[in-house]
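S.K.: Heads up: the protein sequence lines correspond to chains A and B, in order.
Everything in the first sequence is counted per the numbering used here, starting at 1 for the first residue and increasing by one.
Everything in the second sequence is counted per the numbering used here, starting at 1 for the first residue and increasing by one.
Keep in mind that a hint or two might mislead.
[To be verified] Ranges between beta-carbon positions, derived for each pair:
(1) A/I51 / B/I10: 38 to 44 Å
(2) B/K30 / A/E242: 37 to 43 Å
(3) A/I39 / B/V88: 31 to 37 Å
(4) B/I44 / A/E242: 14 to 20 Å
(5) A/F295 / B/I10: 40 to 46 Å
Don't read these hints as lab results, they were simulated from the structure.
Where is the CB? At the ideal position from N, CA and C, for every residue including glycine.
Next come the chains, spelled out residue by residue.
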Amino acid sequence: MEESGYFDFSPIVNNIHESLAASFSPGWAMAIAWALIGITLILFAALSVIILVYVERKVAAFFQVRLGPMRVGPWGLLQTVADFIKLLMKEHITSRNADKFLFNLAPFIIVTAAFLGLGAIPFALGLHIFDINIGLFYITAVSSVGVLGILLGGWAGNNKYSLIGALRSGAQIVSYELSITLSLLAVVVLAGSLQLSEIIASQENGWWIFKGHISAWIAFVIFMIAGTAETNRGPFDLAEAESELTAGFHTEYSGIKFAMFFLAEYLSLFIIASVGATVFFGGWLPFHIGTWQAFNHIMDYIPPIVWFFGKVAGIIGIIMWFKWTFPRLRIDQLLILEWKYLLPINLFNLILVSFIALMGWYF
Amino acid sequence: MGNEAIILFIILGLVLVGGAFAMSYLVSPKNVTPLKEETYECGIETMGSSWIQFKVGYYLFAMLFLIFDVETIFIVPWAVVMKKVGLVAFIEILIFFLILGLGLLYAWKKRALRWE
């Protein structure tokens with residue numbers, strides 16, 4: 001990959017590392033590197049959530065032929081910031097009947113799980129904090145820890161709505177996790193690696209959504225459905241169904257604790273979208289058409305980080321579109337969709353994709 | 001970064017939530033009254049505890065998930081080496097999926113997938 005002409009972040013990262021190593025002792029250099037990565041990641045998470053919440057409200061408004069937030073800042077751009085400040089200044093209320101320790105532990109678990117996933121995402125060439133050889137497996141594993149936070153938070157509140165919401169969410173997330181893993185494995189069979197950087201490298205001559213024939217498309221559709229369910233969104237938001245359960249699993253949470261659940265929800269949306277973009281759409285790789293040299297060169301001028309965030313934005317857009325297109329499912333319909341449709345289709349798709357890989361029917 | 005990055009991410013999550021809680025604690029009003037501490041139930045008086053025996057259906061699906069998730073873990077290493085191993089891996093996964101499918105079919109016929 002080194003000979004390709006893409007904008008590479010690794011010299012910048014190496015420069016920072018070298019200058020740190022030159023001016024500090026090894027221990028301090030590492031501590032400062034950690035602090036830098038940490039601050040960047042926290043700022044990035046906060047910024048992306050603020051933008052995502054704003055976009056969510058605007059998209060919702062446009063689907064309903066409204067304008068959405070318009071008052072705070074130009075086009076309501078500062079609305080989410082104002083909301084966050086409001087949530088920060090709210091009183092801490094823990095219900096008398098709640099299990100106080102678990103009630104306060106739940107936001108920690110859910111946000112930590114989101115951060116664990118966020119770190120392993122390849123943002124651009126050389127801009128990849130944590131690139132292990134089981135990257136995809138790692139992300140699916142840690143993103144499922146979040147359900148513990150939801151279950152704990154829902155149960156600890158000692159509230160009927162939150163209990164129902166938590167159990168629904170538990171059944172839903174664990175079910176759809178199977179689909180999400182199996183649909184990603186369809187591409188892993190073709191790419192032959194779980195390392196995210198290698199999966200991207202294998203798409204140098206075409207994204208898997210194009211190279212993988214019909215099975216990649218099936219896998220992508222299943223991934224989108226399961227990813228929407230995994231993030232408790234769209235037609236699968238019955239864990240926090242406003243019209244039935246007031247606020248679902250976070251009914252008892254208020255102020256900053258509620259904001260933490262919100263943060264984790266949008267972070268996991270971002271993680272799911274970026275995993276989809278990486279695995280099916282080549283991550284930060286630009287769009288190329290076969291041997292159209294001129295076209296490919298023009299595409300190469302757009303920096304990889306723009307490609308990555310563009311693809312992520314596209315997938316997030318589709319997921320938001322889902323929300324305003326389909327009515328909410330009932331819990332039994334939800335589980336039937338997973339266990340009687342998606343899971344068998346997924347198993348057949350894996351056989352199909354391994355057959356394709358066996359016959360070499362991919363580029 | 002190596003595997004120690006996991007520790008960093010865990011610290012980050014804890015610091016972010018802890019920091020936000022601490023910041024909020026500094027600026028938020030503290031005026032707790034007994035009524036505020038009531039469990040929320042749409043304005044009416046709270047009836048009993050929520051920690052009760054609950055519908056078994058949810059746990060049934062959780063158990064099913066446990067079985068299938070363990071089997072997914074077996075599929076992951078297969079998926080990585082599938083192209084290298086070739087035909088043998090293909091035949092083996094057919095047998096594996098046959099057993100997996102039979103398990104699903106069994107749960108289906110036993111009405112474990114029915115929501116009653």
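S.K.: Looking back at the hints listed earlier, which ones does the structure fail to meet?
M.R.: Hints 1, 2, 3 not satisfied by this model.
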